[in-house]
Amino acid sequence: MRRKIFIIGVACLMVVLASMTVNAQDQQRKVTPVKPKTNKVLTPPKGTDEKIIQQYLTGDTAQARAQERKDSLAKIYPHYPKLTEFSLGLGFGDALMMAFGQKYASFDLSATLNMWNRFQSVLVVGLGRAKNMPDDMNFTYVGKLSPFFKIGANYNFLYKNEPQYQLYAGVRLGYSTFKYDVDDVSVSNPYWGELETYYLRGLSSNALWGEFLAGLKVGLFSNFSLGWEVKFHGIFKEKKSDSGKPWFIPGYGTRNGNWAFGISLYYTIPLSRDRWPVKEDKKRGNKKTTNNPPVVPPVK
Amino acid sequence: MRLGRKYGALVAAVILAATMLSCNNDNCKGNSNGIPLAAFFDDDKQVSITNLTVYGIGAPNDSAIIRKTAASQVYLPLRITVPTCSYVFDYNDDGMLNDTITLNYDVIPYFESVECGSMYNFIITSWEYTQNAIDSVAIPNPLITNSDVVTIKIYMQ
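Protein sequences appear in the order of chains G and C.
If you're matching positions, the first sequence starts at -9 in this note's numbering and goes up one per residue.
If you're matching positions, the second sequence starts at 311 in this note's numbering and goes up one per residue.
Everything labelled a hint here was simulated from the structure, so no lab data went into it.
Since the model is a prediction, treat every value here as computed from it, not as a measurement.
One or more of the hints may lead you astray.
[Claimed, not checked] No farther apart than 27 angstroms at their CA atoms in a straight line, the calculated lysine-lysine pairs in the DSSO-like style are these:
1. K121/G <-> K(-6)/G
2. K235/G <-> K339/C
3. K339/C <-> K229/G
4. K169/G <-> K227/G
5. K230/G <-> K339/C
6. K221/G <-> K339/C
7. K121/G <-> K339/C
8. K339/C <-> K227/G
[Stated by the list, open to error] Covered by chain C, per the in silico footprint, the following chain G stretches (three or more residues, Cβ under 8 angstroms):
9. 49 to 57
10. 105 to 114
11. 183 to 191
12. 222 to 235
[To be verified] Label pairs and their computed distance ranges (CB to CB):
13. F226/G <-> N402/C: 51 to 57 angstroms
14. T394/C <-> D173/G: 26 to 32 angstroms
15. Q383/C <-> F202/G: 42 to 48 angstroms
16. Q441/C <-> D173/G: 44 to 50 angstroms
17. G192/G <-> Q383/C: 36 to 42 angstroms
18. S178/G <-> T394/C: 17 to 23 angstroms
Where is the CB? At the ideal position from N, CA and C, for every residue including glycine.
Using the sequences plus the hints, can you model the full thing?
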C-alpha cells in the first residue's frame, strides 16, 4: 500500500515538473519572437519630445516614430489656421512725403484678412487731395478731397515664419471718382500780342487702375507693425474730358510715372491664436517646466 | 539694436521715395500752346519754298512769322481772342501773286499737364484759301494741340 502511494506521488511530481517545463518553454518563446537581425534597440534622437520618449520606452515605437515625423514636418511646414489674423492699417506715406515738398496726398484705411498666414485679402478705402502751384507755370491745380477704393490680395512669402514679419507680393484694383479745378490760368500769344486768363472749375473724372506691389511688414511692439510697399501701377480706364486729363487721381497719385511708394501702420488682431504653431524655443521652455515642477511644501 | 534696424529701414524707405519723387519731373515734350504746323507738298512729297514770307493779317507791328526764308513747313499761331485768323504767303516773286489762307476755329481751354501747363487747343471748323500758287489745303485732323506734328497740308501748283 505504501509502495502504491509512493508511485502515485512520484507520478504526480513528474506531471507537475513536466507542466512547469512546458510553461517555461512558452515563456522563453515570447521573449524572443523576432528574427535576430531585426531585434535591435531603437533609440530616440536628441531633442525628442518627452512624450515621444515615453512612447519609445513603453515599446510603442511605431506610434513614437509617427509622432516624431509629424512634429518634424510641423517644424518645416508650420500650419497656421485659415483665419490667422485681421489687420487694420493706416497709410501715411503721402503725409510723410509732403514734408519733402509733395503737392498731393492720399490717406487710406485698410483691412486685411490673413488666411493660413499665406493668402491675404485686402480692402482699402481712403481720401485724396492735391494743390499744386508749380513755379514758372501758368496755373494752380486743385484736386478736391475725394474718395477712392481698392480691393486686392497679397501672397506672403514668409508664411513659415511668424505673421508679424511678412514679405509679400500683391495686386490691387482701384477706383476713384473725383473733382478738380485748374485755376488762374494765364495764356499769352506773343505773335498776336494777346494775353488771356481763364478758370477750369468743377471738372470731374473717374479712373480705374491696377497695381502690382511688393511689401514688407515688420512687428514693432504689442500688436502694432509697420509696412512698406513699392507699387507699379497703370490706369485701365478713365473718363475723358474736352478740358484735359486730371493730374492727380486719389489713391493712385499723379500720372507722371508708374511707380509709387507707401508706408502704413498696422494694428493686428490675432484669430484662432490657440491653433497657431508653437515656436520651438517656447516648446522647449514648456518642456523644461514639465521636467522641473515647482516644489510644493508638504501639507501637514 | 532691433529697433535701430527698423528705423534704419524707415529712413532708407523715405530716401528711396524722395528719389523716386524727384525722378518723376519729366519735361514737357510738346509746345506750350496749341499751334498748327503747316507743311508744303508737291503731290505727296514735302517740298521747300524759297524766299518765303508769312505773316498774319492784323499782327502788331506788321511782324512776320518768317521773312524771306526757304521753308518746307511753318507754324501758324492762332489768335486766342477771336475765332478766326488769316495769313498771307508772300513768295517774293514778281511773277507770282501772294496767297491768303483763313482759318475759322473754336477755342478750347485745355489742361495738358503739370509740365506743359494749361493752354488752348483749337478745332478748325472751316478754312478758305486763294489759289495763286496754292493748289489746295487739306486739314486731315481738325483738332490742333501742342503736338509737334503737321496738321495743315498745303499742296502747291
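Just pull the numbers of the violated hints for me, sorted ascending.
Violated: hints 1, 9, 10.
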